[in-house]
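Each protein sequence line maps, in turn, to chains D and Y. Numbered according to this note's numbering, the first sequence spans residues 1 to 855. Numbered according to this note's numbering, the second sequence spans residues 1001 to 1471.
Because the hints were derived from the structure by calculation, they are not lab data. Hints should not be assumed to be uniformly reliable.
To be verified - Where chain Y lies over chain D, by a calculated footprint (3+ residues, C-beta under 8 Å): (1) 300-307; (2) 462-470.
Stated by the list, open to error - Here are the simulated PhoX-like pairs of lysine-lysine, each with C-alpha atoms no more than 25 Å apart in a straight line: (3) D/Lys309 to Y/Lys1092; (4) Y/Lys1464 to D/Lys116; (5) D/Lys219 to D/Lys670; (6) Y/Lys1464 to D/Lys68; (7) Y/Lys1047 to D/Lys115; (8) Y/Lys1240 to D/Lys795; (9) D/Lys820 to Y/Lys1224; (10) D/Lys143 to D/Lys536; (11) D/Lys455 to Y/Lys1464; (12) D/Lys569 to Y/Lys1224; (13) Y/Lys1449 to D/Lys122; (14) D/Lys451 to Y/Lys1103; (15) Y/Lys1464 to D/Lys115; (16) Y/Lys1240 to D/Lys813; (17) D/Lys569 to D/Lys631; (18) Y/Lys1449 to D/Lys115; (19) D/Lys677 to Y/Lys1103; (20) Y/Lys1449 to D/Lys116; (21) D/Lys116 to Y/Lys1047; (22) D/Lys68 to Y/Lys1449; (23) D/Lys309 to D/Lys396; (24) D/Lys813 to D/Lys795; (25) D/Lys820 to Y/Lys1240; (26) Y/Lys1103 to D/Lys309.
As the list claims (entries may be wrong) - Cβ pair distances, simulated, as ranges: (27) Y/Arg1364 to D/Gly673: 21 to 27 Å; (28) Y/Lys1195 to D/Pro450: 35 to 41 Å; (29) Y/Lys1195 to D/Asp459: 28 to 34 Å; (30) D/Asp541 to Y/Pro1051: 57 to 63 Å; (31) Y/Ser1132 to D/Ile507: 33 to 39 Å; (32) D/Val826 to Y/Arg1364: 48 to 54 Å.
These figures come from a predicted structure and were not determined experimentally. C-beta: ideal position from N, C-alpha, C; glycine also.
In case you want the letters, here they are:
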Amino acid sequence: MSAEIRCASRHNTTFMTPLSAFLLLSIGSLAHAVETAIPARIEFNRDVRPILSDNCFSCHGNDPSHRKAKLRLDVREDALKREAFVPGEPGKSTLIERINTQDGEDLMPPPDSHKKLTIRDKEILKRWIAQGAEYQRHWSYEKPVKAAIPAGQNGVDALVRQRLAQVGLKPSPEADRRTLIRRLYSDLLGLPPKPEEVAAFVKDASPDAYEQLVERVLKSLHYGERMAIGWLDVVRFADTIGYHSDNPRNVWPYRDWVIKSFNDNKRFDRFTIEQVAGDLMPDASQETRTGSAFNRLLLTTREGGAQPKDYEQRMLTDRVRAVGAAWLGQTTGCAQCHDHKFDPFTQRDFYALGAFFADIQEPIIGPPEDGMVIGSPEDLARLAKLDAALGQSKNKFEAIRPQLEAAQMQWEADLKRYRVTLPELREEAKTGDAELQKTKKAAAALAKEPKARSKPEQDAVRDYFLTHGTDLFKPERDAVTKAQRERDALYTPLPKCLVTTSGSRRIVRILPRGDWRNESGEIMKAALPHYLPQPKVEGRDLTRLDLAQWLVSKDNPLTARTVMNRLWKQFFGTGLSKVLDDLGAQGEPPPNAALLDWLACEFMDSGWDLKHMVRVIATSATYRQVSTPTKEQLAADPYNRELARQSPFRMEAELLRDHALATAGLLVPKIGGPSVKPYQPDGYWDNLNFPTRTYDADKSKGQYRRGLYTWWQRSFLHPSLLAFDAPSREECTAERNRSNIPQQALVLLNDPTYVEAARAFAARILGECKGDATQRIQWAWQQALQRAPDADEMKTIQPLLNERLAAYRADAKAAEALLKVGLAPVPATLDKAELAAWTHIARVLLNLHETITRS
Amino acid sequence: MHPNTPSELSRRAFLGRTSHGLGAVALASLLSPSVASAAPARGVLQKLPLPQNAKRVIWLSMAGGPSHLETFDPKPKLAEMHGKPMPESLTKGQQLAQLRGQKLTCFGPQHAFAKFGKNQIEICGLLPHIGSVIDDICLIRSMTTDAINHDPAHMFMNTGSQIAGRPSMGAWITYGLGSEAADLPGFVVLTSLGKGGQNQPIAARQWSSGFLPSKHQGVQLRSKGDPVLYLTNPPGITPKLQGGDVAAINTLNRQRDAVLADPEIATRIAQYEMAFQMQASVPDLMDVSAEGAKTLELYGCQPGDGSFAANCLLARRLAERGTRFIQLYHKDWDHHSGVKEGIALKAQEIDRACMALITDLKQRGMLDETLIVWAGEFGRTPMSQGNGRDHHNKAMSVWMCGAGIQGGIVHGATDDLGYAAVDEIVTVHDLHATMLHQLGIQHDAFSFKFQGLDAKLTGVEGAKVIKGILA
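Put together the whole structure using the sequences plus the hints.
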């Protein structure tokens, strides 16, 4: 497989039919033509490191255990020591000889590695040596350098244009206002603008109309919801534990914390510290502790026979990968077993990073606790009081327990002696089913010797005895029941969230080859990756709080770049470095490195102000360009890496739902709360067990909430989200696929959510637009697309409407059936055939590529 | 598809309604599904490095972990040792699941074995139908795995990794080879429940596409409800109306494409066409009424009964239609207790069906190009857990059949007590490597760049093709 194909398939997963495969081929060859120009001055990071990393470092890199011929090529001094090359003299350099030899024995990379250098690669290496074989430290480990921006210019525009001038491209004109407001709403709110909002913006003659719009959008509470989606992917937020029985757990308040943090524009450094160490902060509060739920979002198990050491190791590695993915843009997973082959991250670094989390108190195997109770100070004070009262009444009960136990033994002995069966058994007819079951259970347990009874059997006998066998200490017993009832009445409905509690540390060892059974490895203290700037802490061990602060320290070269690179993708469809989860050697040096650096510096200089960065990007001329490419642009820059235009892309799974519900007028715009359950096909959870579960779709407002509130069942994610590439969130996901597959058509056509949205939208068309069919079509177009239909579109849609009307007038039952889909009431005033017919028009609109695409 | 079946009629109606509004390419694709959009999707491997013996794989996943000691690995010595302590030399320092910290006692095989075929291979006497085709089967008695709990073991068997998020083998294979199915998914998963009680959960990640493009994820075919999720038209929408809506959507998309020049639009149009075709082709696939009584008798199932046998019949129908990777889960092999009764029940559920699948494919000349794999996610302990057996990763039995695999042979062996594979040990990565090899794929050169690594189904530690079993 060639590098071109690999690259194309990773980043253009949407090209899939032969039709578009043809397009891909033609575009691919153009891309190749662009790539083949070799720069006159070779730059190590941009040109050489990717070649060496991909082809050589596996055996001649950072990992000593896999190093061949004692040669490493990732460090210049070592390479020179082993005489790999002679700077300035490619003709005398072994490296050049070995990559060009015809001798299969000597050829590098060796044929059995299945790696192959292209002619271009070889030429670059040759020129690099000729030019002196200079190295650079890997770009992302250097502190970002902030380019000077001429006063009054937007940094994004200045640096994009600088680069465009270098590659000989011209920026595109600004998109029309309708496109701009749709784009902005999609990117920042995840909702469509109302036609009135579009009209007002189109008419707004003030010179800063656009900037004002951006400010309005940034103030909307839906901004936090939109921004949360990407973060929830990257921290793998889900409602269930993940492994095996995949049971629910309480974490949704964390999701709301994320939304609120974005809305409040909580500074990103604070946002980070609360998540990693919200429990350890000097000003720890309910809010910061809720953020610390981050540490509990990993996969856990309740599987019988699971081994604690095994899962201790799984949880540690899960957490290291999470920090690597969410903040550092480093792939750390391989260092679980051996030093990273391409990056300087070692196995020691891996376990030392894991050791930061060794203080987290949690069940390694088994159900997690309910979590921290979230409530007002008054609620919490009352709960504490009720807990104390319950404790007291229980203590009193404990004091009398021996007497009760003695009484029970006497009672049991009497039953036996007088051969009395449990009285209710003789009067089956008089007791309810539940009571009878309890009695039967108690009777069965009584048949066993006390010592042979299981815990549930002991409980059954005791409960029976206390309920029916004795009046002894009844006031004391009733007091416990009452105290429990009162406490539960307050406790049960209050939200709870798994949070981090610090306690005694687990021992963390380096596990040789990642084998948790091997306890010979060195015990590790918490430490930060050795190749990155270290904090100045002396005389004490590092804590999670140190880690959190280090992640967002200005000396850390990775975090700001990683976060800005992901943010960029939200606004342009591709990261500045297109590999979002790897800023290491195997990632992509950003074609416009100065821009990513500038964004990272500006982000830090602004005090980690995310809204500021969003504003900078969203108000840039670069962001506001049209997304329709010219032929020249397509030829010169098929993947739009140089940003001489905007890019269109299909919206995220959650947003498709939001758009449909909003257009239909069904959306319930409530922010936050427990996760909700939209319609889901029957039997989709059949393969869950322990316990088996039925899916109870929400029956009222919960049915019409935004997509991000959907119950996230890791082992069986809601199928319509899954079809549109929402990740299962079992692992941290920095980058969602963006596929284009037939199942997506089936979802938009047939999922009751979308069918109901279509009929509700149709009811709006008929109810809110009083004109004739033509006017109604125009109105519908405005609602879904915020533009008028053109003549061709009218020509397609009008006959469709007429046919549908005829069909449903002839078949009232069919109309009836269609209008029954979903829970939303059907307006009684509307003609059913007409409503059914318009449902088709609405449905066609909701299915259009333009409707689901942000352009 | 037969002419004049409802799907054909609806397709014609669809064409009659829409042909004037469609562009040439789309029209061609509708008239002749094999020409344009619905042509079999090609994989990334344009030229295969190895001869392709297997065109497709049918993987029979026996979920829960079948006991090798009551199915395919006879151990008279274990019978002799029944009730005696398990030799500590074998078990010391090894992984245990639920038996951790307990006294380890030998538990003799619960069913008698019998000899079958030209080489008199011994398998459980409760599997006479499999025995009758043993000369087509290669039995591997030296299989091992890394994981000892269900969830990680399933993940390992399906993706070659115990970390969630990796592509499953079906996704890898359709990614590499594409599919020959014109209007059906290339990777299909079917599940059937056993009649026993221990239906261990399975997760969709077992057929996930992981970091590969989503179109390679396994599509579950269900015996109840929509066979494919969201396949059925909404109530009140006939196939004709559905076709008309799809045509209108595509027409409008095409008109917009003229303005926007977004290549995604052409793909979107093709996918709507494909979806509409699937709405006819999947019911056609699921409708086994055209199968003769003889065939139903061979499999021992009733149409649509959701049994493992019915799924085996569907597997053959999928194979005929060009689906690349067909995975059947049959659950309830987790016999911590009552292994004797449990295995008897399972044997009844799968014995005839496995034979039928092999026989049916052979009769149709398809066995030579179809690789069948029968495997659980791990084996079970020779030690007792009450009257059952615990999870075990050092020994299990699997079998392969068809597509250039030698029949009538046994590969590898466990020790006398069936505790550990000792001869010709096979790992999960070896099994995957061998499967890929038969498909014409060189396993160590078949990779996808993920997080900086050339990620492979067969992992980073190296795997070997089991050369000894190839014909």
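Hint by hint, which ones does this structure get wrong, listed from lowest number up? The structure conflicts with hints 2, 11, 12, 19, 23, 24, 27 and 31, although it agrees with all the remaining ones.
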